[in-house]
Amino acid sequence: QVVDPPIKVQAASLPSPSPYAYLWIIGAINEKNQAYKGFLWDVLISARLLRKLGSTADFWLYIRLSPDSKMTTLPDEDLRLINAVGIKLKQLDTPTHESFGQLVYDKFLTLNMTDYKRVMFLDADILPLTNLDYYFHLSDPEYKDVPTPLKPNLIMATMAEPCNTGMFYVEPSSKSFEAYKEVVRRQHEEGKKLPYPHFDRQKGWGYSFKENKDYWEGVKKKGFDGWHWHASHSDQGLMYYLAKWVLKDSSIAIGDRIQNWKPAKEDGKVEIESDTPGVLAKYQPELINYQYACNTDNPAEKFKWRCTPPYDSVAHFTGSSKPWQQKFSLGNINDNSSKFKRAVKARWFRELIAMNEELKMGMDIEHWNEKHLPQMKESPLGYMAMFKDQQKLMEEI
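When we follow this note's numbering, the leftmost residue of the sequence shown carries the number 1249, and every step to the right adds one.
Hint data in this document are derived by calculation from the structure and do not stem from the laboratory.
Because the structure is a prediction, the values reported are computed rather than measured.
Ideal placement from N, C-alpha and C gives every residue a C-beta, glycine not left out.
It is possible that part of the hints are untrue.
Said to hold, decoys possible - Computed Cβ-Cβ distance ranges for the label pairs, DEER-style:
#1 S1421 <-> K1513: 21 to 29 Å
#2 I1601 <-> T1524: 36 to 44 Å
#3 K1280 <-> Y1463: 42 to 50 Å
#4 R1433 <-> F1551: 38 to 46 Å
Unchecked claim - Listed below are the simulated DSS-like cross-link pairs for lysine-lysine, each with C-alpha atoms no more than 30 Å apart in a straight line:
#5 K1550 <-> K1470
#6 K1300 <-> K1280
#7 K1461 <-> K1492
#8 K1441 <-> K1423
#9 K1365 <-> K1517
#10 K1285 <-> K1392
#11 K1496 <-> K1451
#12 K1510 <-> K1429
#13 K1470 <-> K1429
#14 K1510 <-> K1552
#15 K1619 <-> K1608
#16 K1517 <-> K1496
#17 K1470 <-> K1496
#18 K1429 <-> K1492
#19 K1280 <-> K1338
#20 K1550 <-> K1280
#21 K1575 <-> K1587
#22 K1552 <-> K1575
#23 K1423 <-> K1468
#24 K1587 <-> K1469
#25 K1550 <-> K1469
#26 K1336 <-> K1318
#27 K1513 <-> K1365
#28 K1530 <-> K1300
#29 K1423 <-> K1440
#30 K1285 <-> K1300
#31 K1468 <-> K1441
#32 K1285 <-> K1338
#33 K1365 <-> K1510
#34 K1492 <-> K1423
#35 K1280 <-> K1365
Use the sequences and the hints to build the structure in full.
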């Protein structure tokens, strides 16, 4: 029995067209490997939740088929579900080779979605826990119901990284998209001249912290010695460089602080405009679930930074913590413990059960471990961008 009460939100009409959008991306779609469906279910669940929570934004899903797939598009049943949930679909070209490291570049297509004022990217293993539209509103001077403490672009640091690309938003423009392409082109041209792994740890994507007597900042760590953090050679380094030194008009969430950056008077430079704690919490709508004991008086010290937006706005099922890649029992369906991710995993399955019934998907969730888990256990492209992916990219240029 599902215990969640109906989500109460103020009725909102959907503007046509909406000035805002969400984007998800799924790759490695192959009829021989059904593991992609776990990510598709997560996208469907997330879109349904956002709409129930009051989002008026458009929803987009970009997909790529695997090179060895014989399909020309998604199966009819997948298309039916995507349409039923109200998600717009765009099929990108099928790559010659596929990898995690290659797929993450598709995140930057957000910059080219110029029909919108803001586009938020969400990884297809994220579950929204509140109506995320408020990030759009807080960054849009034309939205008059709240102040505008956020810049048109937002990235977020994590424990030991200055940027995590699981969730971010941008202000799309043709100029920004062309600038992004030029940064990638330059990096790959320079990378071809470098030995494996084709990445200069000092210069990174185009900025030397040492030469500029500067540092990058994560929630618990600062780096003075170059581009040494997870995926700095890939999307998380590229997004950090773009937000700070190319787009420039950006906010960076670091724990409960929001750093706002702006172009400096000196050409090509940026300067900090403000560094303010507690900016987002007073505007965030009520959460539907908590993680890491954040709703208790004593969350573990090492997790306290997760108890503030943007970190508690979503549940991010990184690595092998994805609900669809784990065993499940109906006996745990109403687990509401905020310890680690117990409650949000139970929520994910409750939402799947509700969607299965409403959309007549025909899933046998009672026998999840026997019927569905075997084909869901592994992510088809792995869990991170590998240096060998970068080498393959160099070979193809």
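Hints and how they fare:
1. S1421 <-> K1513: 21 to 29 Å: Given about 22 Å between the Cβ atoms, the range holds.
2. I1601 <-> T1524: 36 to 44 Å: holds, 41 Å
3. K1280 <-> Y1463: 42 to 50 Å: holds, 46 Å
4. R1433 <-> F1551: 38 to 46 Å: holds, 40 Å
5. K1550 <-> K1470: holds, 16 Å
6. K1300 <-> K1280: violated, 34 Å
7. K1461 <-> K1492: holds, 16 Å
8. K1441 <-> K1423: With a Cα-Cα distance of about 28 Å, the restraint between K1441 and K1423 holds, given a limit of 30 Å.
9. K1365 <-> K1517: holds, 25 Å
10. K1285 <-> K1392: violated, 40 Å
11. K1496 <-> K1451: With Cα atoms ~18 Å apart, K1496 and K1451 stay inside 30 Å; holds.
12. K1510 <-> K1429: holds, 22 Å
13. K1470 <-> K1429: Roughly 28 Å between the alpha carbons, so the hint for K1470 and K1429 holds.
14. K1510 <-> K1552: This hinted pair holds, its Cα atoms lying about 29 Å apart.
15. K1619 <-> K1608: Roughly 17 Å separates the two Cα atoms, so the pair holds.
16. K1517 <-> K1496: holds, 9 Å
17. K1470 <-> K1496: holds, 20 Å
18. K1429 <-> K1492: Satisfied, since the Cα-Cα distance of roughly 16 Å is no more than 30 Å.
19. K1280 <-> K1338: holds, 22 Å
20. K1550 <-> K1280: Violated, because 42 Å separates the two Cα atoms, which is more than 30 Å.
21. K1575 <-> K1587: With a Cα-Cα distance of about 18 Å, the restraint between K1575 and K1587 holds, given a limit of 30 Å.
22. K1552 <-> K1575: Within the cut-off at roughly 28 Å; holds.
23. K1423 <-> K1468: Violated: K1423 and K1468 sit about 34 Å apart, past 30 Å.
24. K1587 <-> K1469: Holds, because 25 Å separates the two Cα atoms, which is no more than 30 Å.
25. K1550 <-> K1469: holds, 13 Å
26. K1336 <-> K1318: Given pair K1336, K1318 holds - Cα atoms ~23 Å apart, limit 30 Å.
27. K1513 <-> K1365: holds, 26 Å
28. K1530 <-> K1300: At roughly 21 Å apart (the allowed maximum being 30 Å), K1300 and K1530 satisfy the hint.
29. K1423 <-> K1440: The given pair, whose Cα atoms are some 26 Å apart, holds under the 30 Å limit.
30. K1285 <-> K1300: holds, 22 Å
31. K1468 <-> K1441: violated, 34 Å
32. K1285 <-> K1338: holds, 17 Å
33. K1365 <-> K1510: Distance ~19 Å between K1365 and K1510 Cα, so the pair holds.
34. K1492 <-> K1423: Roughly 16 Å separates the two Cα atoms, so the pair holds.
35. K1280 <-> K1365: violated, 39 Å
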